[in-house]
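J.: Spelled out from the first residue to the last, the chains are:
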Amino acid sequence: MSSNTDARPRTPGEWLQFGAGSVIVTVMCFPAIWMVYSAFKSNREIFRSPFGLPAEWRFENFTKAWIEGGLGALFLNTIIVTGLGVAMSVFFASMAAYAFTRLDFPGRRALARLFLVGLLLPPPAVAIALFTQLSALGLINTLWALILTNGAWTIALTTYLLGGYFRSLKREMEEAALLEGANRFQIFWHVVMPLVKPAMITVAILNAINIWNELLFALLFISDDAKRTLPAGIVRFSGYHSTDYSLIFAALTITTIPIMIFYFICQRHVMRGLTAAVAE
Amino acid sequence: MAKIEFDRVYKNYGDTPVLHDVTLSIESGELCVFVGPSGCGKSTLLRMVAGLEIVSGGEIRLAGRRANELPPPERNVAMVFQTYALFPHMTVAQNMGFGLKIRGVPAAARSAKITDVAKTLQLDGLLDRRPAQLSGGQRQRVAIGRAMLRDPDVYMFDEPLSNLDAALRIQTRLEIARLHQVTGRSMVYVTHDQIEAMTLADRIIVLNRGRVEQVGSPMELYDHPANIFVAGFIGSPKINLLEAAVSEQGLAIGQVHLAVAGVGARPGDKVTLGIRPEHLAIARSESEATFVSEVALVERLGGETLVYAQSPVGGDLLILKIQGKTSLKPGERIPVVIEPDHLHFFDSAGARLS
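Residue numbers (this note's numbering), protein chains in the order written: chain H, 1 to 280; chain L, 1 to 354.
Bound conformation, chain H alone (with noise of 0.2 Å):
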């Protein structure tokens, strides 16, 4: 079938819609070129010739952003804020998502709508009441007020997809498990758990996104440089009076790869994930 579609000779409108999709692709990947680029040049080149190629490619650029940017400590803030935040929301949200699909309880319905409530909330908006939160909590300037902030941030979304998920599967294994004497918790660990598998990586890997690139909770609720993740440590490189963008551009490249890489390695099941629910 793909042969023959490949053999026909492609119209005017499907060449129109090539063209369209790549100023649209273009548009949208350039920002991270000129920034992979970027980061070879010196801070006045920037300026000089801004979209020009680099033109000597400055790989020390690198070394001097790690060791000044202290990227090292802020990889592994990111790393466990982004592993404990995606945990937490994952294990809570499957909970919460079946729940909402499977038990009949008083409220459920309004209780699903009011989760959903989470969708629709810039974080600008609580981003006070959580700090006063966080500050009566003793938890300001700990590791745990972004995993705990991250992970129940990501919950409303995630909560909705598996709703999906849980939806389409069929009841009668479910119906079959509670027949063979299992209760409902080990219905969901043994039978539904393992069938969701695949939406589970798939949210896991959007709120993973998600919570590494998370900025405003990041830089209002840690003060303390040893404790700064990624995006809030970079914006160190930021002074007063003057700002060094290739050292700027050198650990946004470097911070940004490493989730740019974990995402193409898993957008197979990111796909399949969410072609999955649509398929059903």
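Calculated from the structure, these hints are not laboratory results.
Hints should not be assumed to be uniformly reliable.
Unchecked claim - List of simulated lysine-lysine pairs, BS3-like, C-alpha gap at most 30 Å:
| id | chain 1 | residue 1 | chain 2 | residue 2 |
| --- | --- | --- | --- | --- |
| 1 | L | Lys3 | L | Lys101 |
| 2 | L | Lys119 | L | Lys101 |
| 3 | L | Lys3 | L | Lys113 |
| 4 | L | Lys113 | L | Lys101 |
| 5 | H | Lys170 | H | Lys197 |
| 6 | H | Lys197 | L | Lys3 |
| 7 | L | Lys101 | H | Lys170 |
| 8 | H | Lys64 | H | Lys170 |
| 9 | H | Lys170 | L | Lys113 |
Please arrange chain L on chain H, whose structure you already have, making use of the hints.
T.: Relative to the frame of chain H, chain L by itself:
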């Protein structure tokens, strides 16, 4: 083994009634088949016994004990689903042994029981495979094996053969019948296929629009259908139903007069005459015939032939079941004789007369 009793059972989904006033009992060790068209409530009735549906009204008793509020695992019933409901991420052995594992049976004892049942069901070479690597028939046998390992008081089958091809249906049907003989347990079987019902059942419960139309042995239902619905649903090929009027001499079927006694209605009453296809025959001559008809279609099944002919009252074609082969062709005129000893009469409301 357990007796199952339904006492004035109702089921509603919101304001929509699904089952009305179902009262019946399934004896211990009996293989009872719920049969009826799609949406008649047969699966709902089965699921209420299993505890998968809430009873809206009335009482269900298992072994004499009220079961309405009993959680499904405590009812000790096993169910084989139409879709098999196997766990795709588990092997055959894990699927079969799931209940044993949940109940905390040690691995060695579990393995021995699984091997034993797998041998009975000829699944012993497939224990390490996953459901996706099995044929439809093998999957259904795994589902039956899982039910057997539950060692239930009641086996329940919800249209278990619907996803199988014709040959596998017959084979699996025989396996279920054998399972009933070997275990002697009560079985409730749901199907919309009346052949499955006739071949498997000790007793058939015919349901229509949420009501029990008739309860009886397969032959009782075949020979003495309580109404037009049961007469039309039980029997393959379908019974011939003809509109007729009661006359002093017997029955007037369009222009055809049939001398018959004991219709159970007064002259002038409109009735429906039911004739099984095997009770219509081709006469040797037109003088012996009740009426003459034109052949519309001939289906040759090998051992028998189905002849579709024009009805004396128009409408649906008449079906004649003839033993052996015939050289009849569409368009030929045939003398048809009605055997008056095997007729069924129904009143205008569809209920059986006399």
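J.: Look at each hint and say if it fits the structure.
T.: Results for each hint:
Proposed proximity of Lys3/L and Lys101/L is supported: the alpha carbons are some 28 Å apart, at most 30 Å. At most 30 Å may separate the alpha-carbon atoms for a hinted pair to count; Lys119/L and Lys101/L meet this at roughly 20 Å. Annotation: proposed proximity of Lys3/L to Lys113/L holds, straight-line Cα distance about 27 Å (limit 30 Å). For the suggested pair Lys113/L and Lys101/L, the alpha carbons sit about 12 Å apart, so the restraint of at most 30 Å is met.
A threshold of 30 Å between alpha carbons decides the hint, and for Lys170/H with Lys197/H the separation of about 15 Å falls inside it, so the pair holds. Of the pairs offered as hints, the one joining Lys197/H and Lys3/L is violated, with about 42 Å between alpha carbons and a cut-off of 30 Å exceeded. At roughly 22 Å between alpha-carbon atoms, Lys101/L and Lys170/H fall within 30 Å of each other, so this suggested pair holds. At roughly 56 Å between alpha-carbon atoms, Lys64/H and Lys170/H are farther apart than 30 Å, so this suggested pair is violated.
As the CA atoms of Lys170/H and Lys113/L are separated by approximately 28 Å, the hinted pair is consistent with the 30 Å bound.
In this structure, the earlier hints numbered 6 and 8 are contradicted, and the remaining ones agree with it.
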